[in-house]
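2 protein chains.
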Amino acid sequence: MIVNNSLDEVKKRESALKIIKSIMSDNGRFGLYDVTGLSGAFLASENDLNLLETYVGPAIFEDELQIYGKEHLGGEKLLGVNRTSSGILATILALVEEGSNVSHFLAEFPAHPSIPRSCKLVGASYNEYVDIDKFKILDNTSLVVITGATMDHKVISESLFRKVVEIAHSKNIPVLVDDASGARLRTAIFDQKKAIELGADLVVTSTDKLMLGPRGGLMAGREDLINQVKLKATQFGLEAQPPLILAMVNGLKEYKKDNLVKAFSRKEEFFKLLSSKYSFFKLSPTGVMIKEEDLADDIKERNIESDLSVKDFAFLFAMVLLKEEGIITIPAVGMPGASATIRFDLSTQDVVDIDLDVLIKKIDDSFNIFLNLIDDVDSAKKLILG
Amino acid sequence: MIVNNSLDEVKKRESALKIIKSIMSDNGRFGLYDVTGLSGAFLASENDLNLLETYVGPAIFEDELQIYGKEHLGGEKLLGVNRTSSGILATILALVEEGSNVSHFLAEFPAHPSIPRSCKLVGASYNEYVDIDKFKILDNTSLVVITGATMDHKVISESLFRKVVEIAHSKNIPVLVDDASGARLRTAIFDQKKAIELGADLVVTSTDKLMLGPRGGLMAGREDLINQVKLKATQFGLEAQPPLILAMVNGLKEYKKDNLVKAFSRKEEFFKLLSSKYSFFKLSPTGVMIKEEDLADDIKERNIESDLSVKDFAFLFAMVLLKEEGIITIPAVGMPGASATIRFDLSTQDVVDIDLDVLIKKIDDSFNIFLNLIDDVDSAKKLILG
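Respectively, the protein sequence lines represent chains H and Z.
Under the numbering used here, the residues of the first sequence are numbered 1 to 386, in order.
Under the numbering used here, the residues of the second sequence are numbered 1 to 386, in order.
Keep in mind that the hints were calculated from the coordinates and are not lab data.
Among these hints, one or two may not hold up.
Intra- or inter-copy, both count: the list cannot distinguish identical chains.
Taking lysine-lysine and the DSS-like style, the derived pairs with C-alpha atoms no more than 27 Å apart in a straight line are [unchecked claim]:
{"#": "1", "residue 1": "K70", "residue 2": "K18"}
{"#": "2", "residue 1": "K171", "residue 2": "K136"}
{"#": "3", "residue 1": "K291", "residue 2": "K262"}
{"#": "4", "residue 1": "K253", "residue 2": "K18"}
{"#": "5", "residue 1": "K230", "residue 2": "K120"}
{"#": "6", "residue 1": "K77", "residue 2": "K277"}
{"#": "7", "residue 1": "K300", "residue 2": "K323"}
{"#": "8", "residue 1": "K362", "residue 2": "K291"}
{"#": "9", "residue 1": "K232", "residue 2": "K120"}
{"#": "10", "residue 1": "K253", "residue 2": "K21"}
{"#": "11", "residue 1": "K77", "residue 2": "K18"}
{"#": "12", "residue 1": "K230", "residue 2": "K11"}
{"#": "13", "residue 1": "K262", "residue 2": "K272"}
{"#": "14", "residue 1": "K381", "residue 2": "K291"}
{"#": "15", "residue 1": "K232", "residue 2": "K77"}
{"#": "16", "residue 1": "K323", "residue 2": "K382"}
{"#": "17", "residue 1": "K77", "residue 2": "K253"}
{"#": "18", "residue 1": "K77", "residue 2": "K11"}
{"#": "19", "residue 1": "K70", "residue 2": "K21"}
Please build the complete structure, drawing on both the sequences and the hints.
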């Protein structure tokens, strides 16, 4: 066993950081393939950065956010927030009174915790529903929330979406849509309409999910409501700062529905090609993944003697992928306690256009080196712990 | 009268933006002198930006924030927040229970509204004091707040600071210091100790005030308290995102106490030199300023006929400063409703090292052109409204 505790995990991460820095200085950013799917983009030209530092730069990016954000989400007015959770809090601070009710409809449990948490903060009662026949709007309800797509990419149907909006509007209650990944997943992959087109009064999306923006939230909707939300956001420090707004604008400019469709179609092909050679790949929402126990089962069937633990196998394979091919995955670089699942996200900028055969060759070559290291504990240890 | 309403102010701002863009494309950023004192810095190397986009970049900047933040503020652990107000909200969410009391001591009224506002949100009672003899900590108090320096740069004395901490600690109540500009003003200019050294349990500072960081907040303090604050910050989307953390680290690296001392000493000299020629300059906390009525009085004494309003004079002078010399001030570029006071902040990056005679020559030349435009309404109008 190589990685025994949190301290070893810290060493592993430090060892991975060293490898990344060395690849960066030898080959630059092009030598790295970040397929974690968890890295926010920060697209900015030199001119952008120069403008950013002047008093007027932020105002210019704000104006552009109105234009490109409207194209993406619709609505009368746009608002950049620090995170999707910040936008949800600002909305609930602005629209939900103490003692009132909030109803939330989503495709499947569990709901994102930021919604019940913000309701609790203002002293509102919160109820959530996945079954339209049981969906209820109590008296004294101040807000109805719809989740467009859950964290596991489960999408609500357009007809259910419209139905919930209709019930809410028949009682004059505004509808907020949490469309974190849904604003793109629903429209690009499931051919649905924008939340605003389906009747939502407010919508919030995560600019780092399925697009090349920074971690942050973008809101759109009725101007009167956005103004109320913006006031609360500014009062409590929930709004997006200028560097984020700049990166949101550039992420929106770069967003192409077709790229997303391509990534989603390529993951099936990628999975098929890999599964013809390996037993341990599984489909993930945005690509493929290897669970550590599936990798360990494969090693067992190969009858290779090894002192490594089930997690060690995943750590070792991830470190080989990084060292030999510059492929960044979570088990190599994650903080202590991070998952040992090796995920390959095909929608990330680094691989969205890569030839799948090239990527598979990199995985093949790494896997062969990995196999040779399994019974060479000293070398494996050196690679993992530095 | 040239600027009659908000629409004219919008036109003025657009005209100023065009001039800025044209200077940027002709002479680059070096052709501009942003003396508004309101622009956040965003220092980042190409390597930083490349790292920023990888999964591990943010973790690397977080590690650096611990090192450079500790040097700046002291404390066991650091936390980047989206704004100083966000840090105050996160602290109050973490430490202040419903129904408890919060006491706030500051050098003079008014207090920053984020403190009473956050108390109200969690249902706590809030009291503020400027007189130590009247300062009270009621039973069931959960937090004591000290403001290190007010928005107008009024600083609390070290002995009062220590006294409030002592009273709070004698009752086992944690102390949060809102040291937005104070973390630098108190230490660099007034030779005081860091808030943590004076006994504070938590401190928050604004990384865009008197240093070259982005708009954002940096917290430091006892590890157990920071961990509680961080949990609330993460839950409600109050934490600083990776681009901000990166710019905070670089701002902290660039911070030199001596530069600040220099800017503060230079403002007196700057004021003296200008006042030997002009009647309308006043000292400001970080440089000099021209109030529109003082400028108008000067024009009146010169007996120049003009159809311009009192505010028009300030707008016109600000536009000449921008067009002729690239000097950015608020009356030229401000949003509708912004102040018509022309401020020259000497602590901003663009002029911190400039020869004062060079800067004064630019002001002289602009003022002469301005005088010639006062009775040429058509040209003045063209310059202001585009």
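Right, here's what the structure says about each hint:
1. K70 with K18: Answer is between; shortest inter-copy Cα gap is 24 Å, intra-copy 42 Å.
2. K171 with K136: within (12 Å within a copy, 49 Å between copies)
3. K291 with K262: Result: close within a single copy only, 25 Å intra versus 59 Å inter.
4. K253 with K18: between (34 Å within a copy, 22 Å between copies)
5. K230 with K120: For K230 and K120, both the intra-copy (21 Å) and inter-copy (19 Å) Cα distances are at most 27 Å.
6. K77 with K277: For K77 and K277, the Cα distance exceeds 27 Å both inside one copy (51 Å) and across copies (48 Å).
7. K300 with K323: For K300 and K323, the Cα distance is within 27 Å only inside one copy (25 Å; across copies 74 Å).
8. K362 with K291: For K362 and K291, only the intra-copy Cα distance (19 Å) is at most 27 Å; the inter-copy one is 66 Å.
9. K232 with K120: Both: 17 Å inside a copy, 13 Å across copies.
10. K253 with K21: Classified as between: cross-chain Cα gap 20 Å, same-chain 30 Å, threshold 27 Å.
11. K77 with K18: Between copies only: 24 Å across, 45 Å inside.
12. K230 with K11: Close across copies (24 Å), not inside one copy (43 Å); limit 27 Å.
13. K262 with K272: Within one copy only: 16 Å inside, 66 Å across.
14. K381 with K291: within (21 Å within a copy, 69 Å between copies)
15. K232 with K77: within (16 Å within a copy, 29 Å between copies)
16. K323 with K382: within (12 Å within a copy, 62 Å between copies)
17. K77 with K253: within (18 Å within a copy, 38 Å between copies)
18. K77 with K11: between (47 Å within a copy, 21 Å between copies)
19. K70 with K21: between (39 Å within a copy, 24 Å between copies)
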